[in-house]
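Participant: Respectively, the protein sequence lines represent chains A and B. Mapped onto the working numbering, the consecutive letters of the first sequence carry residue numbers 2 to 279. Mapped onto the working numbering, the consecutive letters of the second sequence carry residue numbers 9 to 363.
In short, the hints are calculated from the structure, not lab data. Be careful, since some hints might not be right.
[Claimed, not checked] In silico SDA-like pairs for lysine to any residue, Cα to Cα no more than 20 Å straight-line:
hint, chain 1, residue 1, chain 2, residue 2
1, A, K219, B, R301
2, A, K9, B, Y96
3, B, K124, A, P11
4, A, K219, B, R300
5, B, K340, B, G249
6, A, K262, B, N116
[Said to hold, decoys possible] Here are a few chain A residues that sit away from chain B, every Cβ distance over 12 Å (derived from the structure):
hint, residue
7, E3
8, E113
9, R140
10, F143
11, E145
12, S161
13, I164
14, L226
15, K228
From a predicted model like this one, the values you see are computed outputs, not experimental measurements. Yeah, the Cβ is synthetic: ideal placement off N, Cα and C, and Gly gets one too.
Each chain is listed here by its residues.
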Amino acid sequence: MEKVVIKKSPYNVKKARIIDIKQLTEKEKLFRVILEDNSWLDYEPGQFIMVSLMGIGEIPISICSSPLNRDYFEICVRAVGKVTESMHRLNVGEIIGIRGPYGKGFPIRMIEAHDLLIIAGGLGLAPLRSLILYAIDNRRDFGEIHILFGCKTPEELLFSDEIEEWGRRLDLHFACTVDRADPDWKGNIGLITSLIPGVDIDPIRTYAAVVGPPIMYKFVIKELLAKGLPVDQILLSFERHMKCGMGKCGRCQIQNLYCCKDGPVFTFKEIMDMAEAL
Amino acid sequence: MKTEQYRIIEKSSFNDFINSLIASQKVIGPVYKGFNNYTFEEIKSAQEMSLNYIPTIIPPKKYFMPQKETILEFDTKETLHVEPVSEYEELILFGVHTCDIAGLRCLNVVLSDEPKDISYLIRKRYITIIGLECNAYCDEYASCSFVGAHVPTTGYDLMFTDLGDYFIVHIHSSKGMDIVKQANIFKPADNYDFEALKALREKKDRIFNNEVPTERRYLPDLIDRSWNASVWKELEQKCLGCGNCTSVCPTCYCFDIKEDVDFTLKAGQRYRVWFSCQLDPFAKVAGGIDFRRERSARQRHRFYRKFRYHIDRYGMFFCTGCGRCSRTCMAKINLKEVLTALIKESETKIWRKWL
Chain A
2 MEKVVIKKSP YNVKKARIID IKQLTEKEKL FRVILEDNSW LDYEPGQFIM
52 VSLMGIGEIP ISICSSPLNR DYFEICVRAV GKVTESMHRL NVGEIIGIRG
102 PYGKGFPIRM IEAHDLLIIA GGLGLAPLRS LILYAIDNRR DFGEIHILFG
152 CKTPEELLFS DEIEEWGRRL DLHFACTVDR ADPDWKGNIG LITSLIPGVD
202 IDPIRTYAAV VGPPIMYKFV IKELLAKGLP VDQILLSFER HMKCGMGKCG
252 RCQIQNLYCC KDGPVFTFKE IMDMAEAL
Chain B
9 MKTEQYRIIE KSSFNDFINS LIASQKVIGP VYKGFNNYTF EEIKSAQEMS
59 LNYIPTIIPP KKYFMPQKET ILEFDTKETL HVEPVSEYEE LILFGVHTCD
109 IAGLRCLNVV LSDEPKDISY LIRKRYITII GLECNAYCDE YASCSFVGAH
159 VPTTGYDLMF TDLGDYFIVH IHSSKGMDIV KQANIFKPAD NYDFEALKAL
209 REKKDRIFNN EVPTERRYLP DLIDRSWNAS VWKELEQKCL GCGNCTSVCP
259 TCYCFDIKED VDFTLKAGQR YRVWFSCQLD PFAKVAGGID FRRERSARQR
309 HRFYRKFRYH IDRYGMFFCT GCGRCSRTCM AKINLKEVLT ALIKESETKI
359 WRKWL
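Looking at chain B on its own, in the form it has when it is part of the complex:
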């Protein structure tokens, strides 16, 4: 812990700080929308934000990889004219939870991989991330400690941790340092604050327990053994194939490419839109052949993609434990329950081998 990287800010000065940010830049924060729903949207004053929020409907991924994004503009009037474009905006994302920061890290790994997604890299440069640590579980759907996304590690410019009357703030980048310097209301942190932070994290270790009855390190192996599990067949009966789970997932990045033309039928845009492996046309090829026709195969693909395939490819889980997929599922498919069922089925198989 580098002590000079920490500051504190009294809660009484917090609103002033946010309002000073708003005065200089566009600030995005969590806003309550009713019925226990929250969204990230632009805020015009500190009071609009709900700092005690459960994961928003759509993760902050939408600012890095918009649902619909123009990639080319073209004009075919005389000769073909194509212009690759990118849109970006200078933003401060305030109050991002550690699970969503983990999600942005996943997105970053994929889109920075060769060939680089330049639009994403440009947008990323103009977005400042200010995190907000959770001191307690948001609700029963969360499994952030299982995947190790419940404590801040990296992926932010500043991280706010609530220590009662004040926040302790970790400065993780020079961009973050500039904000702190400019605001001029942050005080240096001393030993008492570090002790308080340490105590909080120790308490968190006790409350945030593995939400799935196994350890993270055993999961890839478990998933490997589960290709033919009956759990997938059970999901087949439940899943409606609506794709909600993937459209709210902070680590899903699959997309389709489409285009529109204007009324002259000569000029238009090519754009990409979020797409989902849970939807019927996703894995279809010529001749109507579908390599994942059954919904069980599509659900299995989703779980393998979260917990197995990307371990091989990028060395990390592509689940942040945010619980959005389970919270939003119309058929009440619950990620933690599915993993637990896989563990049980796998255990029975292992026991049978010994008996």
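The shape of chain A in the complex, shown without the other chains:
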């Protein structure tokens, strides 16, 4: 058996250095990362990377910073498994491996010049943050921007500083809700679906971008359709276990689509007739 080194292997990883770590909530940390060779990661909002801790494993994580930021990129990691828990033990200056970006993100060219309705459930705000920051950076290219964010409890609110700032901005509408409030909570209480009927949008002119836990989609889509949004203007990003990120390993297959290659962002039209998608 001959062994050769193939630098161009699609599984090869690039070294990336953590330059900042921010504890967002009890379970989520935000990692600010740069590539060791000082090149920039060219990505679209909604795309993901495969993050490696050598010896522990590799997982797909969506990029949550603005793609226009050339100094660094950010990933938001919830400690739920072997790799993510190990990531939470890393310090600034340590090296991780990354490959990507992979997948189809939000179709920016299509969304531009339209109104934008962003609906995020829990950790779903992470991939959507990339789109929100992009839209804020290019504010004049978009129409009205509405952001709805919901999570279980006030302690689980991600990016709380930024959220506060979004709430203060005059050029976008922001609403936030929690399922269960504590005595200090002054905002809405209830599921995220309860916010949708009150949003003032022109459905024909609006693209909705939805990311959240699997259970959320059916209910949110129902509300959006009730609002009159066309099926091809509802954008959804799906979570599946992806091992290769390149449409080979079969783990993320939704019928004849690969979540990693054909998604993770799909229009509702693409998947509405597909069992096993939602």
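Here the structure of chain A is known, so what remains is to put chain B in place on it, guided by the hints.
Facilitator: Frame of chain A; chain B shown alone:
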């Protein structure tokens, strides 16, 4: 038929030919292992091979996409050091049936698709495929004519067809031509040989009949109509979820990626291993949600993947009719029976619409 691409070799010279191949390269061929089981393994002399064999337990896919394959070697001692690696070996695969060649074509389509699987492409370059045509069915599980994999079309360097006292050999690549030239025991084929080959293929057309009561072209449509078929629910009762059907399938290529570290906990390898959509953890996501929790949904996924999804993606069936899945199933789930049951159920539905 380009006549200059054909040669003949007498059976009396066959062993000499194989032994001359063995003298120059590693040769893999079908070997009898007892209890009607065969495997592809290295042979040291022509006599070790069983040319009259039913599909081997594991298809020759294992030489192109090994069950376990290192993709990265790493060392994290001082700073992260990662080296992507690939292993390959120069091989001649002898006696590959047309169904398995069809399987390798499926694998080729997927692994050559962007981004290319470079390890596979390197290995493929070093493997020579010498086919062996079947003149009769291997057993009752085969459905190779249904999917059109019972006659040689493409995907090999040389193809041997048994014509009684001799083989007629089709040369399909320059690599194949080099072997023929080097052996120096092949004779040119003449009209008599072509007539014999033609007669054999005509006879095959009569024996190899559609094993499933429909035509291939109707199958994608049938599968489309069968999402809610009760057949899947019946499979739920039978299937043990062991994944045997997928681990012996020549067209299954799903895998998992894992890693091992050595005793220093600093260095190790990342590797990929075959995995199966029939196994429980395959379609699970965070929070324990499983998009194909029921075994009926997993079996349905398998059939859709063979006969529908890849038509959309790659324009071809991902079933070669080799029958391995049915032969190996502990619960006796038979691919041909499942397809027949789907046809029957679908027909009843169509009739009901008219009544």
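Participant: Each of the hints needs a verdict: does it hold here or not?
Facilitator: Against the structure, the hints come out as follows:
1. K219(A) x R301(B): holds (19 Å)
2. K9(A) x Y96(B): This hinted pair holds, its Cα atoms lying about 16 Å apart.
3. K124(B) x P11(A): Distance of about 8 Å is within 20 Å: holds.
4. K219(A) x R300(B): At roughly 18 Å apart (the allowed maximum being 20 Å), R300(B) and K219(A) satisfy the hint.
5. K340(B) x G249(B): Within the cut-off at roughly 12 Å; holds.
6. K262(A) x N116(B): Roughly 18 Å between the alpha carbons, so the hint for K262(A) and N116(B) holds.
7. E3: violated (6 Å)
8. E113: holds (27 Å)
9. R140: holds (33 Å)
10. F143: holds (31 Å)
11. E145: holds (33 Å)
12. S161: About 23 Å separates S161(A) from the closest Cβ of chain B, which puts it past 12 Å; holds.
13. I164: Nearest chain B Cβ is 23 Å from I164(A), so the label holds.
14. L226: About 22 Å separates L226(A) from the closest Cβ of chain B, which puts it past 12 Å; holds.
15. K228: holds (27 Å)
Hint 7 alone, counting from the list given before, is not met by this structure.
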